[in-house]
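Chains W and V, in that order, are what the protein sequence lines are. Each residue of the first sequence is one higher than the last, beginning at 1 in this note's numbering. Each residue of the second sequence is one higher than the last, beginning at 1 in this note's numbering.
Honestly, I wouldn't trust all of these hints.
[As the list claims (entries may be wrong)] Straight-line distance between alpha carbons at most 27 Å, and here's what the computed DSSO-like set of lysine-lysine pairs gives:
1. 99(V) to 103(W)
2. 74(W) to 227(W)
3. 195(V) to 203(W)
These are computed hints drawn from the structure, not numbers from a lab. Please read all numbers here as calculations on a predicted model, not as lab measurements.
Here are the chains, one letter per residue:
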Amino acid sequence: MEFLNAVFVAPFLDIADSPVFFAEVVIGGLMSGVMYSLVALGFVLIFKASGVFNYAQGAMVLFAALTLVGAMEKGAPLWLALLIALGVMVALAFAVERFMLRKLINQEGIILFMATIGLNFVLEGAGQIAFGSDVKRLDVGLPDNSFEVGGILFNTFDLSAAFIGAAMVTTLALFFQFTPMGRALRAVADDHQAALSVGIPLKTIWVVVWSVAGAVALVAGIMWGAKAGVQFSLVLIALKALPVLILGGFTSVPGAIVGGLIIGVGEKVAEVYWGPTFGGAIEGWFAYMLALAFLLFRPQGLFGEKIIERV
Amino acid sequence: MPATRNIGDVLLDVDGISISFGGVKALSDVSFDVREHEILAIIGPNGAGKSSMLNCINGFYHPQEGTITFKGKPRHQMQTHEAALQGIARTFQNIALFKGMSTLDNIMTGRNLKMKKNLFWQMLYFGPALKEELEHRAVVEEIIDFLEIEAIRKTPVGKLPYGLQKRVELGRALAAEPDLLLLDEPMAGMNIEEKQDMCRFILDVNDEFGTTIVLIEHDMSVVMDISDRVVVLDYGKKLAYGTPDEVRANQDVIDAYLGVAHE
Chain W
1 MEFLNAVFVA PFLDIADSPV FFAEVVIGGL MSGVMYSLVA LGFVLIFKAS
51 GVFNYAQGAM VLFAALTLVG AMEKGAPLWL ALLIALGVMV ALAFAVERFM
101 LRKLINQEGI ILFMATIGLN FVLEGAGQIA FGSDVKRLDV GLPDNSFEVG
151 GILFNTFDLS AAFIGAAMVT TLALFFQFTP MGRALRAVAD DHQAALSVGI
201 PLKTIWVVVW SVAGAVALVA GIMWGAKAGV QFSLVLIALK ALPVLILGGF
251 TSVPGAIVGG LIIGVGEKVA EVYWGPTFGG AIEGWFAYML ALAFLLFRPQ
301 GLFGEKIIER V
Chain V
1 MPATRNIGDV LLDVDGISIS FGGVKALSDV SFDVREHEIL AIIGPNGAGK
51 SSMLNCINGF YHPQEGTITF KGKPRHQMQT HEAALQGIAR TFQNIALFKG
101 MSTLDNIMTG RNLKMKKNLF WQMLYFGPAL KEELEHRAVV EEIIDFLEIE
151 AIRKTPVGKL PYGLQKRVEL GRALAAEPDL LLLDEPMAGM NIEEKQDMCR
201 FILDVNDEFG TTIVLIEHDM SVVMDISDRV VVLDYGKKLA YGTPDEVRAN
251 QDVIDAYLGV AHE
């Protein structure tokens, strides 16, 4: 009885008691949700264009951030370091196409997935060899202070992250849905062979997509790096992107965003109000439980393409 | 009916093509040519190498021996998507549509190569790129009207019945305004009405746009009705080649199709 009360009654009473605090928790959740979305976005891009779950996306985030920090440590100003990091990610896209994807045209998704696991190891190793494994501080000059509106605390850094995330998503969503290039990307994702037969050059498409995913990884790397330091554990945030993707749908750019926000808010709210009942630290696994529930009842996610099967 | 069209020069010349996969010889020393504006049918029992032949013409397979000459130019090793650049479009035996995309988007992908504006404008989807998109859209609407699929314009093609999917696939191939159209079993699995519709579309395409067509088909009455010439393959070898009447009278063909008593 006490347990039921703690799960179904008490938290809602708390929420009703101090709505301002609740709003603060939700906003905190939304902000970390945007950060998850940024990582998830990279996954969605590559999944859409090649039907591959890119296991190396987390490593790409780390690698991009490391390159940026490395260039800045050598004395490059921020703008130059950004250009260098972007250049490295584009070069990586070319290399991935040339040495990995080109050999694997028309192969099963699982084989491409295995290849990205290999890529993950290469990137992690290369990052460590080139830049060492210390935690590095990244300062990109975004303001980081707090202000209050109506009793609710806001943080300018989080707000900038949210703004950047929103801008990126809007651009990408429009690009995919309405431009010929976006249509070609979707076509490639659907059927390699058919795409070739209408004359869509697979190689170009792949380079474009991996470059864009690299750029997204760079942005995610900057935001996470500025928040938590550029370190090896950035690779692990890729794991948090998984439940985001399951929620939002692997093929949907807006889905990655909404999924990220739901996970962000969900785990913060769950931690604050339900955490004590379960002995705390449920932030760590809440997202995965939510993803599991989605897999049971709506496997294509909130916005994923419907699974169509004619029998 | 064929009299109204002028059969022109040789558009595609296939000379001594051989290809094998491991120990299986899919095609051996097959030669024929396709003339402008004609309809050529490739027939033969299952496993005769018909689809392999189309795949060679289309650039999916690279024949180990022999040459393919298209528009007077002998072909070198080429990337698969280049066949489309040269004006070859095709449909597939097992339908290869973009299932998650609408009929309209599927056919629009066929216009992909005709889009000239560069990536920068495309990304902005503004100015010249928008104008260009609208022009292509108009062409695609014409094709949709032509194939009588107005009603399913916005439907994801994965949801459509088989016969309609085949029609959309034809539409996508037509959108590229090809010089040579390859149809791999365009009527497989269709009922009589659907077959009649498809025949009408194929003949209209050939008639109105002058498109040269190479098709694979099993339904003999269809083949004999619509094609100008027929190539018969059996076990990867060319058995007969000529007008429908000549092929029908060919003893080898009769043997291959009806079986021959071994003495």
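Hint check results:
{"no.": "1", "hint": "99(V) to 103(W)", "in the structure": "holds (25 Å)"}
{"no.": "2", "hint": "74(W) to 227(W)", "in the structure": "holds (22 Å)"}
{"no.": "3", "hint": "195(V) to 203(W)", "in the structure": "violated (37 Å)"}
Comparing the model with each numbered hint stated earlier shows that hint 3 is the single one that does not hold.
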